[in-house]
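> Following the hints, put chain B in place on chain A, whose structure we already have.
Here's the letter readout for the chains.
Protein chains: 2
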Amino acid sequence: MQHLYAVIMAGGAGKRFWPLSRRDTPKQFLPLGRGEGSLLARTAARLEGLVPADRVYVVTAEHLVDATRRELPDMPAENILAEPVGRNTAPCIGWAAATIRRRDPEAILAVLPADHEIENEPEFRAVLERAAQATQAGDLVTVGLSPTRPETGYGYIEMADEISPGVHAARRFVEKPTHARAERFLASGDFLWNGGIFLFQAAAILEAISESLPSLGAALAEFDAAAERGEEAALVAARYAELPSVSIDHGVMEKARRVLVVPADFGWSDLGSWVTAWEQAPKDDHQNAAPEGSVLLDAKGCYVRVAEGKRVALVGVEDLVVVDTPDALLIMPRARAQEVRQVVELLTERGEDQLV
Amino acid sequence: MQHLYAVIMAGGAGKRFWPLSRRDTPKQFLPLGRGEGSLLARTAARLEGLVPADRVYVVTAEHLVDATRRELPDMPAENILAEPVGRNTAPCIGWAAATIRRRDPEAILAVLPADHEIENEPEFRAVLERAAQATQAGDLVTVGLSPTRPETGYGYIEMADEISPGVHAARRFVEKPTHARAERFLASGDFLWNGGIFLFQAAAILEAISESLPSLGAALAEFDAAAERGEEAALVAARYAELPSVSIDHGVMEKARRVLVVPADFGWSDLGSWVTAWEQAPKDDHQNAAPEGSVLLDAKGCYVRVAEGKRVALVGVEDLVVVDTPDALLIMPRARAQEVRQVVELLTERGEDQLV
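For the protein sequence lines, the chains are A and B, in the order given.
Take the first sequence: its position 102, counted from the start at 1, is 767 in my numbering, and no numbers get skipped.
Take the second sequence: its position 265, counted from the start at 1, is 930 in my numbering, and no numbers get skipped.
So that you can see chain A by itself, here it is in the shape it has in the complex (with noise of 0.2 Å):
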């Protein structure tokens, strides 16, 4: 599709994932799910066939850079975005549309988080150019994705009426709800999961962000200006911690005047925690996911993951997340794997700097 480009937004932190995440290698380096390869790399695959190469942006941290370079290495050099610090996602989507506009006037914006899991890739790229042809009329769209359980850590998107086929208007967006709610919303059918997928005209997305968010607005256009000037970089150093720090979802998106929603079904996983890597990957006849040659006696329902060539025994333990690289070994339930979050704050804390 002409003028059809790919923001994907690479700069997490991953903490979720220690300790094979850390803070040089977060959580979309990582080859999690059940693809080969980083999450980042595959997420730049799956856009092969319906963005050129040379259409995809990244838009991560300084710090990662290098390591981005190495995950896409036949991606130009200008085409990573790097932010000095991080801003949530309105900065970050703001500055990838002001640079793209730049390019292409014209220029049409998927806006794709790098480390989520997708099925069903034909269908995902389906459903984006459905989304794609949707903001030909200057409209905001947003893919939602069909909820499976009455989820409590997303947030949900109301569709309202059909306006062309597959694409309905947005109602609202709703945060992350109660237990109860999530399941009014699961059983309503109106409700569709908040991935983070995003299309509009780099054009468009401006627009709405100076009606929204004027102070990023106008720091956007003196990005622009000094661009011109071949100063961008520059005023990027010296401006970026100063803008709002704000999601492109409550910042822009909940105010903009039509919000369009493509209801989709293609498969999809945040990876939002070993949970969820245990949920993806393959198990045996008990429910462990763990490399081939452990020794599980009376084991059930275990996550193992360690370097290669390395041999795990479990005897009689249940429904535990076991992490082991060089330098760090994590043991907890499944039930409890929020809590890495803690053990990465406390080694912070600490100033084990070594190991987050």
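Hint data in this document are derived by calculation from the structure and do not stem from the laboratory.
A portion of the hints provided could be inaccurate.
Since the list can't tell identical chains apart, any single copy or any two copies may satisfy a pair.
[Said to hold, decoys possible] Straight-line alpha carbon distances no greater than 30 Å define the calculated DSSO-like cross-link-like pairs of lysine-lysine that follow:
id, residue 1, residue 2
1, Lys948, Lys965
2, Lys680, Lys841
3, Lys920, Lys965
4, Lys948, Lys975
5, Lys841, Lys975
6, Lys680, Lys975
7, Lys965, Lys680
8, Lys948, Lys920
9, Lys975, Lys920
10, Lys965, Lys975
None of the values given here were measured: they were computed from a predicted structure.
Structure of chain B alone, referenced to chain A:
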């Protein structure tokens, strides 16, 4: 004490401490328990002041001779007896007794396992000295350990009359009892644990062996004859595998006419499993024994052993044993620590020799 020799039995396979223990580094070579250095080195060091270094012997397996030399660098080479195959304790002790009697016909032997922990070493030496004195009339003497719990994993020795201060006649040996029986033993005050520590004149045990295990006695006499011709090594290599595989307890002591027992209370532990290692180790307020710096969030009763410098994080787990080495990781509840043998057996069956 004149004529006192020590025989340290150090041929154990040490499956129970896998993955730290391996075929080539069984338990006695590991720094387990409270002290510094390997159990074997500490067993030898514990004899200082009681037995001169050149009268300390070690019986071990051929493939462990180099490791033994490394642990005991000052021991004369001829004091290390290498069994071509393990044939339980009767051949091991008989061979050591024959070897030492050739050097000193009046030798008294203190036979000691290489892999036990002793807290009160002066008391230990005092007990050995008393037991050695009790061998003077040709009696076989065993050290009986004051039981502290109704342990079903040990053999017991029933005491009869005290025949001299601190020395009793032994009424009988009892194999591992049921729990109810062990409780009666503990309550009676007449039963002691058999920890495998024996003292006797070399000549006396060889005579008892000839009576109870005549085929072993005959083989040892052949070893003596071959030694006179300087041909013992070849005969041992050729014949050792044919010796009867039987314990000194069952094969000799239980059948001997008079056995004495010296009750002892010097803080003994056989370090029989990772559970004993946990029991012996310093613990935090939540009964965790883990390396300094470990991140323990709501973890209780865990034993953690990892390579120096590796960080462990436990979140919300209880009563686990976690042992990590560069090539293998074991996780199991403390209550199932005995099952580590099955892990080793499974790996052996699979032919994973590098791991066992």
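> Going through the numbered hints above, which ones does this structure break? Give me the numbers in ascending order.
When the structure is compared with the hints, numbers 3, 5, 8, 9 turn out to be violated.
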